[in-house]
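Asker: One-letter residues, chain by chain:
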Amino acid sequence: MVDALHEVHRVLAPRGLLVDARPDSRVLAHVERRTARGFQQFGTIRTASIEMGNDRASDATIARVVRDGLFRRTRPRRFWHRVPFDSLPEVRRYLSEHLRFAKRADWTVDAATRRRYADEPFVIRRAVRYELLTKI
Amino acid sequence: MSTDGRVFGKRVPALSSRLRPTAEVELGHWGGPRLVRGKRVLDLGCGDGRLALGVAPLAKEVTGMDPDAELIADAVGRAREAGLRNAHFEVGAGQSLPFSDGAFEVVILSWTL
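From first to last, the protein sequence lines are chains R and F. With the first sequence counted from 1, adding 353 to any position gets you the numbering used here. With the second sequence counted from 1, adding 6 to any position gets you the numbering used here.
In case anyone wonders, no lab produced these hints; they're calculated from the structure. A portion of the hints provided could be inaccurate.
[To be verified] No farther apart than 25 Å at their CA atoms in a straight line, the calculated lysine-lysine pairs in the BS3-like style are these: (1) F:K45 to F:K66; (2) R:K456 to F:K66; (3) F:K45 to R:K488.
For reference, chain R alone in the conformation it holds in the complex (with noise of 0.2 Å):
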């Protein structure tokens, strides 16, 4: 990632901008319930262990490359960003399939609530970080 990452500032102008964006694992992934006034907390999830060390990984590639004196980091922000489901076996499924988060939500809410709103609409909602880095 290093290599790549002196590539990146090779080919950027003097005093160009890099945007490095990805999931934010520093914090829990929700899942909702889509009420008509606005979501409702069903549980949490966890980003997987293997996946936390490569964000881990990366973040340690950026702090080389600015350590390096290749880049000046901006203070590194995060917006929310919500993926709609149809229904609450729509979200294990995708738990299930998707490799970056933990295989099961971790629930806030009692199974006869989670079978009560099962074919409801839901989101996960999930966090992403993003830095802008100015080449030097």
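The hints should help you fit chain F onto chain R, whose structure is shown.
Answerer: Same frame as chain R, but now just chain F:
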């Protein structure tokens, strides 16, 4: 922090770019159209061109690069359908970029590192 719900999910492959924020949403958070307007932009790890094709109407020129030839073919087709003549796509990896020094004002690594 802010929240948006303008992306379309449902049952699609887990790695599909359809589960990611739209180019408009992502660009909006990064600083808006001024970030890329009139600039030469490289989208490294562009996948099916989700972001590059969203940036193209604003940028002077956009180049998307990804190691997956199928995704690049998809991006090329979508650019052609959209009539975006300033969007170019190439198969390749970040470790060896076939571009001259200082070729771009902006490089984007969106869900790539």
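Asker: Does each hint fit the structure? Answer for all of them.
Answerer: Hints, verified against the model:
1. F:K45 to F:K66: Given that 25 Å is the threshold and the Cα spacing comes to 5 Å, the pair holds.
2. R:K456 to F:K66: 42 Å, violated
3. F:K45 to R:K488: 15 Å, holds
Taken one by one, the earlier hints fail for this structure only at number 2.
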